[in-house]
Structure formats: structure tokens, C-alpha cells
Amino acid sequence: MIVNDTQSQKVDINPILVKIIVKSYYWNKLIEEGKAKDNRDIQKLEKLSDNNYIKRALTLRILSPRIVEAILNGQQPADLTVQKLLQVKTLSWQDQEKQLNFI
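According to the numbering used here, the sequence shown holds residues 9 to 111 in order.
Don't take every hint at face value.
[Unchecked claim] Derived Cβ-Cβ restraints for the label pairs, each shown as a range:
1) Leu80 with Leu53: 19 to 27 Å
2) Asp58 with Ala86: 34 to 42 Å
3) Ala86 with Lys27: 16 to 24 Å
4) Gln102 with Ser57: 34 to 42 Å
No wet-lab data here; the hints were simulated from the structure. None of these values were measured; they are calculated from a predicted model. Ideal Cβ placement from N, Cα and C applies to all residues, glycine included.
Whenever a hint applies, use it, and build me the whole structure from the sequences.
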């Protein structure tokens with residue numbers, strides 16, 4: 009994968025980033041399978057106090073596959089954080105990649 013050389017470098021797998029991606033897919037699957045109706049149900053099932061975090065994490069399912077693959081392979085930009093991931097609002101994969109310094 010090619011990333012912006014001025015602001016990123018190959019890094020090791022970041023377990024915090026991987027965890028939020030996995031949680032997002034898992035929580036979305038609970039909703040798809042009818043095991044949870046919404047983020048409030050997930051909050052109860054997971055015994056979490058921050059419902060807003062769950063709501064924002066659920067949106068990570070729309071991340072560009074390129075971004076998800078890079079995170080899972082430890083090839084994300086060095087400055088990528090969970091906070092930056094949760095700030096992504098656009099559905100455009102190209103815009104997401106620009107926002108997060110993947111291109």
C-alpha cells in the first residue's frame with residue numbers, strides 16, 4: 009500500500025485501532041442478526057457506560073476497505089488514532105482516505 013510518506017510510515021499493528029474496527033463490525037452484526045435493536049441495546053449487552061462511543065463506533069463499518077485493511081495489517085499512518093477514525097463523517101472512501109492521510 010502507498011501512503012503519504014511525509015506524514016506516515018509503516019508501523020506495527022495497533023491493538024487499539026484493531027479493537028475498535030472489530031467492535032464496530034461485531035456490533036453491526038448484532039444489529040443485523042436482530043440480537044440488538046440499536047446502540048442502546050449494545051450498551052446493555054456490553055455493559056458499557058458511554059452510549060455515544062458505541063454510536064460513533066458503529067459508523068466505522070462504512071470505512072474504506074483500504075483503511076480497514078491497512079489498520080489490520082499495521083500499515084496505517086503513524087499519526088492515526090481512534091479519535092481521528094471516529095471523526096470521519098463522509099461516505100466517500102476517497103475523502104476518508106484523504107482525511108486520514110492514506111493518500
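Given the hint of 16 to 24 Å, check if Ala86 and Lys27 actually sit that far apart at their C-beta atoms.
holds (18 Å)
How does the Cβ-Cβ distance of Asp58 and Ala86 compare with 34 to 42 Å: does it lie in that range?
Given range 34 to 42 Å: violated, Cβ gap about 27 Å.
Please test the hint of 19 to 27 Å on the beta carbon pair from Leu80 and Leu53.
holds (24 Å)
If I claimed the Cβ atoms of Gln102 and Ser57 lie 34 to 42 Å apart, would that claim hold in this structure?
holds (36 Å)
Consistency with the previously given hints fails for number 2 only.
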